[in-house]
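Counting from 1, position 49 in the sequence shown corresponds to residue 49 in UniProt numbering; the numbering is continuous, with no gaps.
None of these hints come from the bench; they were simulated from the model. Computed from a predicted structure; not experimentally measured. Treat each hint with caution, since some may be false.
Under the rule of at most 20 Å between Cα atoms (straight-line distance), these lysine to aspartate or glutamate pairs were calculated in the EDC-like manner [said to hold, decoys possible]:
{"no.": "1", "residue 1": "Lys141", "residue 2": "Glu123"}
{"no.": "2", "residue 1": "Lys126", "residue 2": "Asp39"}
{"no.": "3", "residue 1": "Lys154", "residue 2": "Glu172"}
{"no.": "4", "residue 1": "Lys6", "residue 2": "Asp146"}
{"no.": "5", "residue 1": "Lys116", "residue 2": "Glu24"}
{"no.": "6", "residue 1": "Lys126", "residue 2": "Glu24"}
So the derived label-pair ranges between C-beta atoms look like this [stated by the list, open to error]:
{"no.": "7", "residue 1": "Thr107", "residue 2": "Ser149", "range": "52 to 62 Å"}
{"no.": "8", "residue 1": "Lys141", "residue 2": "Ala176", "range": "19 to 29 Å"}
{"no.": "9", "residue 1": "Pro61", "residue 2": "Glu172", "range": "28 to 38 Å"}
{"no.": "10", "residue 1": "Ala8", "residue 2": "Ser86", "range": "36 to 46 Å"}
{"no.": "11", "residue 1": "Asn87", "residue 2": "Gly47", "range": "23 to 33 Å"}
{"no.": "12", "residue 1": "Arg84", "residue 2": "Ala8", "range": "17 to 27 Å"}
{"no.": "13", "residue 1": "Met183", "residue 2": "Lys73", "range": "13 to 23 Å"}
Ideal Cβ positions, reconstructed from N, Cα and C, are used throughout, including at glycine.
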Amino acid sequence: MADEFKLADFRKRMDGAVAALRTEFGGLRTGRASAALLDNITVAAYGSQMPLNQVANITVPEARMLVVNVWDKTMVAGVDKALRQSNLGLNPVMDGQTLRIPMPPLTEERRRDLTKVAGSYSENAKVAVRNVRRDAMDLLKRAEKDGMSEDERKAHEGDVQKATDAVILEIEKALATKSAEIMQV
1 MADEFKLADF RKRMDGAVAA LRTEFGGLRT GRASAALLDN ITVAAYGSQM PLNQVANITV
61 PEARMLVVNV WDKTMVAGVD KALRQSNLGL NPVMDGQTLR IPMPPLTEER RRDLTKVAGS
121 YSENAKVAVR NVRRDAMDLL KRAEKDGMSE DERKAHEGDV QKATDAVILE IEKALATKSA
181 EIMQV
């Protein structure tokens, strides 16, 4: 019974790698506007660095437009500066306490580069999943030395491999979806 819980723990770690991958994918700019694009931007506010979503409201009124409503009007210039320095190729337009950010279409070359970045993110996620698999296999080998039968160990190894294969397939599907989204004109 305890072994099943351990398998569930390893599966949870694998699912964590997929969740981290989806978060990284959210930060990749596609042709469409997405509030997740600005998740990693920090703003100098009140003497420290704060995430943008803690000093402003981010909305997507149109497919190619982001609107950032800054709550404190003294911080508008700081938010504008953070957006311009984010290396996302954004050019916000100030309108009082509101920043309008048009999303320019991506060039073919930039879309290919972003697809490569997405591929490297997915490869990192696969490596993380394989490391979890290796940890599970090592634990099963130690358990066999501590009294688990060989048949039981092999059965659990099969379960771990099935879980690994399922998560790797999920990562590959997520990459295919993100790549198609990036390459869409």
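Which of the listed hints are not met by the structure?
-> 1, 2, 3, 8, 12, 13
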